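Student: Chains B, A, E, X, R and W, in that order, give the protein sequences.
Numbering (the numbering used here) for the first sequence: 1 to 237.
Numbering (the numbering used here) for the second sequence: 1 to 237.
Numbering (the numbering used here) for the third sequence: 1 to 237.
Numbering (the numbering used here) for the fourth sequence: 1 to 259.
Numbering (the numbering used here) for the fifth sequence: 1 to 259.
Numbering (the numbering used here) for the sixth sequence: 1 to 259.
Errors might be hidden in some of the hints.
[As the list claims (entries may be wrong)] Simulated restraints on C-beta separations: (1) R:S94 to E:R88: 19 to 29 Å; (2) W:P100 to X:K15: 51 to 61 Å; (3) E:R88 to R:R26: 44 to 54 Å.
[To be verified] When the alpha-carbon atoms are kept at most 20 Å apart in a straight line, the in silico EDC-like pairs for lysine to aspartate or glutamate are as follows: (4) X:K163 to X:D119; (5) X:K38 to B:E46; (6) W:K37 to E:E43; (7) B:K193 to B:E225; (8) B:K207 to W:E232; (9) X:K171 to B:D85; (10) B:K192 to W:E67.
[To be verified] Which chain R residues stay away from chain A? Per the calculated CB distances, all over 10 Å, these: (11) I8; (12) K10; (13) E19; (14) K38; (15) T43; (16) G60; (17) E83; (18) D137; (19) E176; (20) E250; (21) K257.
No lab work stands behind these hints, which were simulated from the structure alone.
These numbers come from a predicted model, not from an experiment.
For every residue, glycine included, the Cβ atom is placed at its ideal position computed from N, Cα and C.
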Amino acid sequence: MKKDGVKLFVDGKRLDGRELDELRPIKMEVGVLKRADGSAYLEWGENKIIAACYGPREVHPRHMEEADKAIVRVRYNMAPFSVPDRKRPGPDRRSHEISKVTKEALESVVLTHLYPKTVVDVFIEVLQANAGTRCAGITAAALAMADAGIPMRDLISSCAAGKIEGKVAVDMMGAEDNFGDADLPLAISPQKKEVTLLQMDGNFTRKEFEEAFNMAMKGCLDVYEIQKQALLKKYEV
Amino acid sequence: MKKDGVKLFVDGKRLDGRELDELRPIKMEVGVLKRADGSAYLEWGENKIIAACYGPREVHPRHMEEADKAIVRVRYNMAPFSVPDRKRPGPDRRSHEISKVTKEALESVVLTHLYPKTVVDVFIEVLQANAGTRCAGITAAALAMADAGIPMRDLISSCAAGKIEGKVAVDMMGAEDNFGDADLPLAISPQKKEVTLLQMDGNFTRKEFEEAFNMAMKGCLDVYEIQKQALLKKYEV
Amino acid sequence: MKKDGVKLFVDGKRLDGRELDELRPIKMEVGVLKRADGSAYLEWGENKIIAACYGPREVHPRHMEEADKAIVRVRYNMAPFSVPDRKRPGPDRRSHEISKVTKEALESVVLTHLYPKTVVDVFIEVLQANAGTRCAGITAAALAMADAGIPMRDLISSCAAGKIEGKVAVDMMGAEDNFGDADLPLAISPQKKEVTLLQMDGNFTRKEFEEAFNMAMKGCLDVYEIQKQALLKKYEV
Amino acid sequence: MLGVIADIKKDYIKKLLEEGKRLDGRGLDDYRPIEIKKDLYATAEGSALVSLGSTQVAVGVKMILGEPYSDMPNRGVLTTSAELGPLASPTFESGPPRPPAIELARVVDRGIRESGSIDTEKLCIVEGEQVWIVFLDIHVLDYDGNLFDASTLACISALLDAKMPKVEDGKAIYGERSGSLPIVDTPISTTYAKLGSAIAVDPHLEEEQVLDARLTITTTKKGEICAMQKGEGGAFTAEEVLNTIDRGIEKAKELRKLL
Amino acid sequence: MLGVIADIKKDYIKKLLEEGKRLDGRGLDDYRPIEIKKDLYATAEGSALVSLGSTQVAVGVKMILGEPYSDMPNRGVLTTSAELGPLASPTFESGPPRPPAIELARVVDRGIRESGSIDTEKLCIVEGEQVWIVFLDIHVLDYDGNLFDASTLACISALLDAKMPKVEDGKAIYGERSGSLPIVDTPISTTYAKLGSAIAVDPHLEEEQVLDARLTITTTKKGEICAMQKGEGGAFTAEEVLNTIDRGIEKAKELRKLL
Amino acid sequence: MLGVIADIKKDYIKKLLEEGKRLDGRGLDDYRPIEIKKDLYATAEGSALVSLGSTQVAVGVKMILGEPYSDMPNRGVLTTSAELGPLASPTFESGPPRPPAIELARVVDRGIRESGSIDTEKLCIVEGEQVWIVFLDIHVLDYDGNLFDASTLACISALLDAKMPKVEDGKAIYGERSGSLPIVDTPISTTYAKLGSAIAVDPHLEEEQVLDARLTITTTKKGEICAMQKGEGGAFTAEEVLNTIDRGIEKAKELRKLL
């Protein structure tokens, strides 16, 4: 995946002018859809993502329901026009994997025992993509769940760190993701600071990993603050 | 879809010698299949179509059944050899749309409340196609339903009109459909003269539309007479 | 499917040195998998096949269950790397047909009335293929069923015969299958000597057919002896 | 909704409509508030997000180079798809497009195609060999009724917004743009719901759930009809069809001003 | 049919058969009335509709130009498909071909292929580059038993009916014809049902529903065997297999006269 | 397992693990017995069968000539698939790969790809035109837990076993071989299960059924990390993540000796 000869730093700054530990601009808004029980719209750098939550509701097909708790289902989907090369509609292998790890990242904070035999359905639509859509999607999904009033013991906040030209950096954008050396997306429950999503690919020494891990953790906590503001804003009016 | 330079009139007559308001030859026969509850075979110009009706019968899958009425399902299908370029088996997007509008054209006359929790299944197979298969299919389907003894408050009769070389004409055949200016398939319940299917594509002024609409309506009523004869013939013997 | 100019005999012997009525070397072992209720591994010439049996167990989907007996289901599958040209994962038309005739070959000896509303599931995986995989698969499947303790009134043993360069021969290997004149796979219940699978393609006179049929029948009985030894070996230890 | 409650609701909406009133206070010829946002998704060649009341439809235009159809060697190709994903409604399901999504895409496509909206000859690079394939992807975000009109508006807006990629040595350079798409007509779709004897434009969700029949009329700049689609199990009289067309032709002129 | 009634019916049919009688009055070696109509569907290169009692099977031959298989560069390609659509029986369902349809297509295909029925070398246009692909599409219209024999009859009839399109500049001209397909053998399939100790030809639907096992034998003009298929869960003795083959070889000679 | 019995079992396994013990007598850092067999399937370019306790995974390497990706014109292509067929477990079903199989294939693939294990530049035949496509097919035969580690071991073993077909005139000659695949690193995956406060390597099936969360760490020869994947609904503390990585890096060194 790596290519040589692509410069990722200009005058000591990243291509978009950021410092190594600086997040891209992030905007969040909850309650953007009428039909969904909860929803959120999120812009994170050049990513534009909408998430919806339905539930707790009856499970179809019925055989998936669990007698003693709610199940959580997640569908991560990219619009065909969300990437430079048109994506064929429908989930590919990457989408299936992201849906799976996103579900696993979100379900630990849901008080599933309160609503046995039901499902909490979470839908994430990527309308414009530019690296980091899984972290952005998880972040938006957690907001949509909170907006839907799903009882949760904590929020989930997500952010990645990586390595570009040998330097550990937070929240990589497109070119950094394409030509970088490593990527470490993380999601945490921000109050307990527990890790609910962790994936990694590329190349880290043990020391670099720890540095990137801490940077991603810090990023998650920054994201958490923005999430809280978005939720507060809803109740301000 | 239009092409220039193709002549659709020769000596003031249409390519197959018809007048503007003249239907192609139509033959109908009911009760042509043993296994189906009702069936009909129809030749309409160069179209050859067979339709079958099963029901009212149990609904599978069960979750589709409705507590207070029968549902109507329609499957329009083309045999691979029914068109000059072999069609891959199975429904394409066009077939799905025709199945949907055909169902909607037929269901209004069915006394669905008499058979709650059942389904009336209608299957239309196009064996040879030459423009106008959806009208021909609806017409054959209505016969198959009547042959099956499905209680209906009226029959359904169908016919199209269109515009070729700027002139409004009824019941276009292949070349007219390919190189014509507009197409308006219609289905009606012939006793009440109510419109149960109407689609249009191409280009009509308001005035042309009304002319074509009246011509298609007249065509439907002509088709109705042939349908009645086919049903009578069954009981003659 | 036939090609000219390929020699299938060298110095009066077949390409792998066998006589016309000689089977390839066969090895069988039962109980090779932990999770399956019964299993068998089989090497037959260059074929390597594993079979598993689960059941009698509950039927999913439920509507397939039969009120008065167990059903038998078979899935024959080839690993992508089991043939020189990589096979796309998932069943093709050939696999579907083999699954169907294998099921029909096996089910006659199962005492299905003992376990109403259940299913006996048989899975055959071809890991390396070299002609005769359906016979090898049936043979392995019967062992897996016996290993699972499925109550059966007899075993099932399978072997093919065919015609190569005009001569009737048993158990054709790859090149013989590709360039031979006829193929006749057979499966029998060896105690009663009844035919439970028979397929044929190629060209046989009535006389050649009988010769090949008898040769395949003899092959099945030889296979039966090896099956019995494999089952005995399991209880030896 | 099932049984008795659905019937009561249907009767109530029908009575209202027959008195010329609607649940949300509109008249029979009033659209809900319409908002059109363009140039939203930078990864698309053109994009638009249309709100029709609470209904929200996003559309993206993608262009790729490909081969023309053999019977139209000097024309670009238009391909329209619609996704009614589970995000937009509790009744939508994941999976390949079902008949309602296919019908939506095909009706919108016919309006654009038959109006001659895109001058497809200008999308030819090398006759018989290379033309632009224009993908129109309709992505429904919130389904509160009348997807036909919202989607046609969003599609034509996205087409008007689209910038063509440059072509160099037979390859598309997505980073650089060579002008707008050749859009020569702006078809507008108007959809009417019939319930009892009343016919109302722009049905919202609660009306769609109980309507007898639906009629969509798409008209060109000149006021000519380029596509129509009747939907659902009910029926129209001939007079109703002709009256509704007259209403649709007039209403389209108003809507076109929003582009 | 379930349980007791099915058992009673099976016992009755079995008793009849073992006495050499059948529900519809035929003898064990009698076919139902056979009707073959050809040249029915003008969009196909060749077509036939075969009735076997109430069973009806339509077959169309379509020919398109394509590439040969790399190991047979100078031969045309035969592709056989079967659709058991829901029109033909209350037990058939829509959707991709299930194992019974696949088995039907493959058994019919083997009969035609292995008999050398089509001289595929004559379907080569340019060796290694362009040959005729012959599609045989089996479309079952009414299923009243014994699809194997009806389909093989319909396929070989449609092949005999087929006219090859002309080829000009490597393109097929479907409007003009350049003679018949090179058909050099006419395989005939005969199918027998075993129930108890009786074995009867051409099982109708009620016999198929209760039979123990089925045996299909396809033979060439010369009376040689080119394809066989045993079906269903029951078994045949060796003697039964050999006797049934003898009956099939004789019966095929009669059927071939109908072509 | 449902309800009460599952809870009791989970509590029991958790209590054991928190005392540093396991159902099968292993310590928290012990793998089950590992056996690697290579060169098993002659139809594959390379193959291996790995047993991890009762878990058995077969892997075959197939190589075919094809086109490179346009952004990496001088590199071969790696494609990894996994089938969790119904043979291997009563809970696996037939059909296209479901998310667990997709995740397995993708995590194994990332370990191999990101470690630079295969020198893909050496798989280029003609830059921009023809390269080797390497298919790694993971075929699970017996599922008794920890497929990630078994599959990575089987994949890297099969790659080490693989012999490249000869290429003549742009065609692959599968009968002749031209040397081994250019394997320059041997990534090893180590998977840990967390239950309560305990974290144990190589979970067997009964542990997998009750674990809170899973962590897989894949490391290179040099001891650097090239892939990680957390799984299931539970969570890890930061400290647990870092400690588990240290354990995984050490453990991988032991496992690599088995290759």
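Student: In ascending order, which of the hints set out earlier in this document are inconsistent with the structure?
Tutor: 8, 10, 15, 16, 17, 18
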